[in-house]
Amino acid sequence: MIAPQTSRDAEAKKKIGFDALYALDNESDEAEDDGLLASLQKVQGKTLGDPTISLSRSRRTPGRPPGSLVRSKSNIIPALSLSTQQHQKPRNTKSPLELLNELSAAAAATSTSNSIVKDTPTLQHHNTVTGVPSLEKPADDGKMPPSSALPASSAIPMIKNKKGKGKQVVDIKLVPEDQRIFQGLHFYFFPNSDTHPGRRQRIIKAIEYGASWQDKFNDTVTHIIVDRDYDFEQLLKYLKLKELPAGIVVVNENYTATCMDFYKLVDTSTIEFRVKGYEPPASSATIAQPNPSQASEVSLQLKPVKRKAVVLSSQVTSEASLNLVSSSAASLSNSPAPGVLDPQQVPNKDEDELDTAIRQAKESHPLASDDEDDVEGHKRRKTNNWQDKFQCMHKHTGKSGDQGPNAHTLVVLQELADHYDQIRDQWRCKSYRQAISALRKQTTKISTKEAAMRVYGIGSSIAEKIEEIVRTTHLRKLDFAKLDERQQILNRFMKIYGVGLHAAENFASAGYKTIDDLLQKAELTDNQRIGIDHYDDFNSRVPRAEVEKHAGIVKKALKGLDKNYIVNTMGSYRRGAQDSGDIDLLITKPGASIDEIRTTVMDRLVPLLTKHKFLVAALAQTSQADGTKWHGASCLPDSSTWRRIDLLLVPEEELGAALLYFTGNDIFNRSMRLLASKKGMRLNQRGLYKDVLRDYGREKLSEGTLVEGKDERKIFEALGVPWRPPEHRIC
DNA sequence: CGGCCGTACTG
DNA sequence: CAGTACG
DNA sequence: GCCG
1 MIAPQTSRDA EAKKKIGFDA LYALDNESDE AEDDGLLASL QKVQGKTLGD PTISLSRSRR
61 TPGRPPGSLV RSKSNIIPAL SLSTQQHQKP RNTKSPLELL NELSAAAAAT STSNSIVKDT
121 PTLQHHNTVT GVPSLEKPAD DGKMPPSSAL PASSAIPMIK NKKGKGKQVV DIKLVPEDQR
181 IFQGLHFYFF PNSDTHPGRR QRIIKAIEYG ASWQDKFNDT VTHIIVDRDY DFEQLLKYLK
241 LKELPAGIVV VNENYTATCM DFYKLVDTST IEFRVKGYEP PASSATIAQP NPSQASEVSL
301 QLKPVKRKAV VLSSQVTSEA SLNLVSSSAA SLSNSPAPGV LDPQQVPNKD EDELDTAIRQ
361 AKESHPLASD DEDDVEGHKR RKTNNWQDKF QCMHKHTGKS GDQGPNAHTL VVLQELADHY
421 DQIRDQWRCK SYRQAISALR KQTTKISTKE AAMRVYGIGS SIAEKIEEIV RTTHLRKLDF
481 AKLDERQQIL NRFMKIYGVG LHAAENFASA GYKTIDDLLQ KAELTDNQRI GIDHYDDFNS
541 RVPRAEVEKH AGIVKKALKG LDKNYIVNTM GSYRRGAQDS GDIDLLITKP GASIDEIRTT
601 VMDRLVPLLT KHKFLVAALA QTSQADGTKW HGASCLPDSS TWRRIDLLLV PEEELGAALL
661 YFTGNDIFNR SMRLLASKKG MRLNQRGLYK DVLRDYGREK LSEGTLVEGK DERKIFEALG
721 VPWRPPEHRI C
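Heads up: the first sequence is residues 1 to 731, going by full-length UniProt numbering.
Keep in mind the hints are simulated off the structure, nothing from the lab.
Simulated crosslink set (DSSO-like; lysine-lysine; CA at most 27 angstroms straight-line):
{"hint": "1", "residue 1": "482", "residue 2": "495"}
{"hint": "2", "residue 1": "495", "residue 2": "513"}
{"hint": "3", "residue 1": "477", "residue 2": "430"}
Could you put together the complete structure from these sequences and hints?
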C-alpha cells in the first residue's frame, strides 16, 4: 500500500507525501492517463491547456442566434476553465509521485483545486469576472492561474441570455467536484448547437457536471448525445462517416439527465438511451472512459426510470422556450437535477434561484402533496393532513429568520435552545428548536402570548417568553442561566469530545472547575484526553474551503488506491454551510461490497493517511463485522489545527439512505424517522423499511422489509415527503 | 401522563 | 450495559 | 419544552 518508507525523518515524509498529494490534486485529469488512455491524452491536454469557453453575447457572434453558447475556436469548452496552468506544472515533475506510488493513481481523479470555491453554493449568480479572485487554491498552491491563459470573458463560463433583453444571465456553475460525473468526458451533441432551449439546457447541465462540449466531431469525443428527433443514420450522414470510431458512446438525450439523477454514469446500453437505428456494441464495449475516476460506467443495471421520456420531450421543447432557463433543463425529462446540484441555488438571497430550486423540487414530485406553502397560517388550519406536523414536510433554509418580523425574538430563543442543548436537556432543547422553526415561518410579528400560542409548536411557556422578549427585548431567565457557575462548568466540560452530561457532572462534583483541573487530576479516557488536548481545535468551525482541502486529500489518496471510489462531502457542507463543525465524508464504490470498501478504507486508506500524518487520531473505529464508520481527526500539512473528520462507508445499495442520513440536519433526520415510524416504517442510514412490527411503546420487534435504500429521492417519495434539496433540510 | 430517531462505538 | 456520539 |  504505502510506498516504501525509508528512515527519513517523519517531517520530511509528511511534507513529501503532501506534496505528492497536492501535486496530484493540481494535476487533476492528466496523470492517470499515463498510458491508460492514450487516445484521450491529447484531448485532455488540449482541453485543459486551452480554456476557452465563453458564452458570449449574441452580438459578438453574428453567426449564431441570440443566446447562443459560443465556443471559441479551440472548439472546446473546458469543464474547468480555471486552473489550467496548474495542470501543466506537475505533469512533468513526477518526482513526488515516485515516493508515493500508491497515491499516484489518485491523479485519476478530478481537479479538486479549482473547484474549491465554485462548489460554494453561495457563489454569486451574477458575478462574472469578479467572481474569479475569490477562487482560491489550496494552501500551497496559492497562485491564481495567470489570466493571460484565458480570455477574461471566459474566466467563468457564463451564458448571457440575450433573449430576455439581456436581463437574464445564467452562469454555468460547476457542481462540486466530487459530483462532476461527466468530468473528463467530451460530449458532442447532435444537433450540436444550443439554439434549442432544451438542448441548450442539456449542454449547460452537462458542462456543470464536468463535461466538455466539443464544437466539432473529433477524435476526442467520448459521447454523442443525439436528440430524439434524429436517428443514427442521420448522424452518420451528417458526420459523413460510414461508421463511428470504436469506443464512442451513442445515446439519446435522456442519458445526461439520468446520469445526474443517479449521481453517476449509468449503463449506456440500456434501451432507454437507445438511439434509433443504432445498435450499441456488446455492453462491455460501450464504455468510453477517458477519466474513469469517479465516473465508472458501471454496468449496474439502471433502476427503473419511471419517466416516459418520449412523451415529455415534446412538452419540454415548447415549455423550454418560455425562458425558464435555469429550470428547463430539469423539467426537460421530468427528472430534475439531483439534489446535489441544488446547493448552488439556495443560500443566496436571489429570489429567482430560490424559486427555481423550489419549483424544481416540486416538479420532481408530482405525487407529493403540495401543501408546504399553506402551512404557515397563524390559525392552525384544520388540515386533514396529519403529516404536516412533521418538520421534514416543510422547507427551511434556516436563514429566513434573520430578516423576518420575529428576528430578534428568534435570536433570543435560539440562545435558550443553545442553553438547553448545552446542559443536555434534550427535550427542552428540542421543543425550543421546534418553536423557533415555527416562529421563523411566521410572516407577521408575534408579540403577545395569545398570538404565539396559536402557532403550532409553541406552547404556553415559550409563548410567555416570546411576549417578554418582545416587551423587554430581553429574557431574564437567560441572564440568570448565563451566570450560573455550575452550569458554566458543565457547559465547559461537555464541549470536550467524549464528555457528556454524566462525565461533566462527575467532574464538577469532584470539584474540578477548569479544563486544566481535568488534565491534571481527573481520570480521562483516551478520547477525552484527545478532546482536551485539542479542545479549541474541535470547538472551532471549519471554513468551507478547508473542508474541501481535507476532503480533497482523502479523495486523492483513496482514488490512488482504487480510482473507482467515490467520496462525497456531507453534513452541513452539503447543506451549503459556509463553515462546518467537522468534516463528513461518505465513501462508496459502485459495485463493491461493503466488505471490500471496509477493507480498503480501514486496512489501507486509514493507515496510509495516518502514515502521512494527515490522520492524526482515531477516536472511534469500526470494530464490528458490519461496521461502517471511522471517526478521528485530521490535520492539514503546515497546519497545527486538528479537525474532526468522519468517514462513513456505504455500499452502493444504501447510498440514498446514507446521503439522507449524513446530510441531516439532525432535526430533519429525526423528523423523517419519526414520520416513518408513524407510518409503520423505519428509516435509518441504510434504508427505508416497511412492515416494521412495533410493540406498544414503538419498540421495534421486526426489522421490516426494505423499501428503498439506493435512491435518496425515492425515500422521500415513499414517505410522502416533498423532496427537499440539502440546503432546505435545516430545521 | 408518556413520547419525543435510529444506530454504532467505547469502556 | 450506560454513556457518548453521528446526522 | 410541546403534543396527543
